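Novice: Residue-level listing of the chains:
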Amino acid sequence: MYTKEINERSPLRVFEKSIHGGLGKGNMGVVMSRAGVGKTAFLIGVALDDLMRGRKVLHVSCGDSVDHVRAFYNEIFEDLRRSMNMADSRETLETVDRSRMIHTFRGVEFTPEHLERETQVYGKTDGFEFRPEVVVVDGFDFAKADETALTAMKEYAQRHDVELWLSALSHRSDPSTSPQGIPNPVGRFEAWLSVIVLLEPQERAVLLRLLKDHENPNVEDLHLRLDPKTLLLHREG
Amino acid sequence: MFKDLSKVRNIGISAHIDSGKTTLTERILFYTRRIHAIHEVRGKDGVGATMDSMDLERERGITIASAATHCEWQDHHLNLIDTPGHVDFTIEVERSLRVLDGAILVLCGVAGVQSQSITVDRQMRRYNVPRLAFVNKLDRVGANPIRVADQLREKLGLNPVLLQLPIGLEADHQGVVDLVTMKALYFEGPNGETLREAQIPAELAAEAASRHEHLLDAITMFSDELTEAVLEGNPTVEQIREAIHRGVVSLGLCPVLMGSAYKNRGVQPLLDAVTYYLPNPTEVKNTAVDLENEESQFPIVVKPEAPLISLAFKLEDGPYGQLTYIRTYQGTLKKGDTIVNTRTGRKVKVGRIVRMHASEMEDINDTMAGDIVALFGVDCASGDTFTDGSIEVSMTSMFVPEPVIKLMVKAKDNKSKTNMSKALARFTKEDPTFRTMVDEETSETVIAGMGELHLEVYIERMKREYNAEVETGRPQVAYRETITQTAPFDYVHKKQTGGSGQYGRVVGRVEVSESGDFEFLNKVTGGNIPTEYISSCEKGFRAMLAKGPLVGFPIVAVRVVLTDGASHNVDSSDMAFQAAARGAFREVYRRAKPQVLEPLMKVEVESPIEFQGDVMGTLSQRRGIIIGTTEDQGFVRIESEVPLAEMFGYATILRSATQGKAEFTMEFSRHASAPAAIAEELVKKHQDKVAGKKS
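Line order of the protein sequences matches chains A and B.
When we follow the working numbering, the leftmost residue of the first sequence carries the number 545, and every step to the right adds one.
When we follow the working numbering, the leftmost residue of the second sequence carries the number 3, and every step to the right adds one.
Any given hint could be a false lead.
Below, a list of computed lysine-lysine pairs in the DSS-like style, where the Cα atoms sit at most 25 Å apart [stated by the list, open to error]:
{"#": "1", "chain 1": "A", "residue 1": "LYS668", "chain 2": "B", "residue 2": "LYS337"}
{"#": "2", "chain 1": "B", "residue 1": "LYS337", "chain 2": "B", "residue 2": "LYS431"}
{"#": "3", "chain 1": "A", "residue 1": "LYS668", "chain 2": "B", "residue 2": "LYS431"}
{"#": "4", "chain 1": "B", "residue 1": "LYS337", "chain 2": "B", "residue 2": "LYS351"}
None of these hints come from the bench; they were simulated from the model.
None of these values were measured; they are calculated from a predicted model.
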């Protein structure tokens with residue numbers, strides 16, 4: 545099974561080791577970067593990693609269409625497959641399709657209530673009963689968010705016992721940080737978040753830095769160089 | 003013949019089934035004086051709208067086949083193609099879009115962008131058709147053209163810009179404000195034929211001014227001249243129109259007009275907009291395929307003096323024989339000319355050229371680049387290209403999907419039998435997605451197409467137009483078979499029964515072909531199989547693909563690699579190697595782990611959000627995979643993939659699950675392996691059938 549092959553080069557494995565086994569159910573994690581660095585690709589990488597380990601994922605996108613998100617998954621999956629020289633993958637892709645739900649919005653803004661409503665509908669539908677274990681919210685607007693919204697999101701994660709990953713856009717024009725040194729707009733909400741990851745563009749690579757690791761006061765000095773296309777660990781040499 | 007191509011517009015009217023497109027076409031024909039009275043689609047006067055020339059369409063109040071018609075407006079020549087709105091007839095829509103230079107996308111002012119509008123728009127995008135939007139039914143309760151314009155951006159990703167504002171809505175709808183000229187327009191007289199220009203009503207003045215500014219903002223990027231004029235504060239109406247025109251032609255802009263065709267409001271300004279903003283034939287880039295030059299791109303020169311290239315895009319069986327609708331892309335075609343069908347190489351003499359006005363016609367002597375007319379007495383298939391013989395090109399082949407459903411048909415008596423074959427011969431020529439074949443095992447006639455409704459309509463047409471009474475079987479899904487692993491073969495065909503014998507040995511392997519097609523690779527060296535018999539082997543393997551042994555459906559995605567073999571000086575022959583190949587395939591097929599594939603349909607349901615769970619339930623009970631959901635102001639769009647076999651009768655199920663408030667579209671997505679239990683059942687059924695025949 546090639547999921548094993550992927551595992552060896554997945555930054556998430558290294559990551560899990562350094563963050564003591566992953567984000568953990570009921571917790572919220574954030575990946576932040578400036579526009580165009582690869583937040584969505586990173587989140588899809590996290591989701592695919594879970595999907596291929598048989599977990600159910602709800603992917604919420606604030607802005608892209610269902611077709612677009614699905615095409616993005618297929619593209620990243622194909623990149624992974626190619627970089628690993630894996631054989632035909634149709635069956636795995638089908639499993640991915642079956643274990644993942646994509647939810648998007650048109651003309652309405654994302655709120656935690658939407659997420660709650662959608663999850664309840666999935667749970668109650670006869671013959672469907674989709675209960676996500678991982679929820680990804682891509683495009684969550686941290687700049688506009690307030691404490692109530694973050695609290696509602698955190699409560700959602702705990703109520704449904706899911707790992708909740710969010711993406712956050714940071715701005716070059718706003719160099720401010722929280723007292724712990726987490727850049728805004730995420731820094732303001734540091735208390736709600738268990739894991740904070742920063743992606744920084746470098747020449748021919750993306751640097752992954754771990755800024756917060758649960759309650760661990762000594763965050764491991766994790767600097768992973770990732771392939772900018774697949775966001776897998778860069779092959780050295 | 004038109005001399006001035008800049009005054010020609012070839013346009014289609016495309017829309018969702020109930021958005022009032024036929025009524026709009028009817029009004030256009032009335033205002034352009036092509037007809038002298040207005041009939042309603044479901045006419046109380048029993049006449050029916052003029053463009054719906056088939057009885058069936060009249061009865062169902064829908065348009066099935068696209069009829070081309072010609073009319074004139076403000077010294078412009080308009081060729082209108084009325085296109086069907088139902089998804090089962092998409093080949094008709096696609097074929098029309100292929101020959102159009104522009105289109106009017108008709109939207110219901112209440113329902114807005116519905117799922118079918120999305121399908122139609124996707125097709126327009128595929129053929130790069132510039133479009134105007136017409137928001138219809140402003141007289142209806144709940145109409146809101148501004149919201150519909152927003153949906154054009156949100157749901158279709160267009161760049162809509164309002165060219166008008168409504169003066170009153172619902173029962174108060176009186177007219178429109180023209181945001182280009184900044185005048186109010188009212189439609190007076192018994193049929194709205196008198197246009198009255200007036201000052202913008204005071205209560206709308208502020209909004210009109212702000213929308214006018216917004217319009218200028220949106221279009222200046224298409225014209226430097228306009229940008230300068232706006233900066234100087236004096237843009238002219240002509241400059242504004244020119245900028246909009248450029249935006250539309252470059253597919254960067256979708257002007258939104260509005261009115262109520264039924265109440266005779268807003269149609270004339272829409273016709274004006276067609277002449278101002280949609281491109282003329284010289285402004286659209288078309289290419290043909292050069293058959294003499296490895297199918298390289300052949301640029302079309304839209305000039306009457308260039309060598310002739312015409313495309314037959316639609317056939318109709320009229321009372322006077324076959325009517326062939328053609329679009330001429332370059333050159334001139336005259337009555338009496340001899341033209342060449344590049345597909346068959348056959349020469350045809352052009353007897354009559356006619357211009358169609360809905361169901362009436364006018365004889366003309368010639369037609370030239372950019373025009374759409376019909377020919378009489380020309381035998382050809384839909385999609386054929388004609389030239390004058392000096393060049394060998396073909397218009398790019400149209401995208402034709404494989405049929406996904408089939409149905410047994412049987413004539414009730416001998417007379418019906420003759421009529422049925424006539425009808426089937428005609429339909430297959432008209433519609434490339436409609437196929438007919440005879441089942442070798444049962445000797446039954448089978449028809450195949452793109453959906454239940456697609457086939458139903460043809461059965462109705464057989465009865466009505468051809469007087470053929472037919473019985474039909476249950477609709478059947480078009481399954482496929484394929485292999486899942488590589489398997490080697492080594493097979494000897496040997497027969498020695500007096501006279502000359504037969505001998506052929508083939509060695510090689512079968513494997514999965516990623517392209518999805520059949521591939522044949524010859525790797526035989528040293529002449530172990532003489533070169534002349536290699537093609538015999540290929541023929542033998544190919545012969546096995548039509549009917550797979552598992553369920554009797556075509557086998558796809560197989561590559562045969564022939565690596566070795568043996569022959570005999572006297573006993574080897576074409577026949578012997580064909581037989582060896584067939585034998586080898588029969589024997590190796592089981593070992594290559596064959597599997598049944600079933601067609602999956604992309605099903606999109608749009609429903610009020612309170613029924614989301616119920617709708618998802620109906621889909622997952624049908625073995626559907628739900629891909630995703632999109633929330634949209636009280637509505638939800640659910641995207642899924644469902645096996646076609648589970649979709650029969652879905653319309654009724656969906657209606658009862660949602661109180662009739664949801665709608666769905668369905669198109670072929672791909673073939674995927676059928677679940678084991680279902681495959682087993684199909685295999686068993688097929689084996690029983692085969693055994694039954696033998697006993």
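Novice: None of the hints should be skipped; say for each whether it holds.
Specialist: Now the hints, each set against the structure:
no. : hint                : verdict
1   : A:LYS668 / B:LYS337 : violated, 69 Å
2   : B:LYS337 / B:LYS431 : holds, 24 Å
3   : A:LYS668 / B:LYS431 : violated, 50 Å
4   : B:LYS337 / B:LYS351 : holds, 8 Å
Violated hints, in rising order: 1, 3; the structure is consistent with all others.
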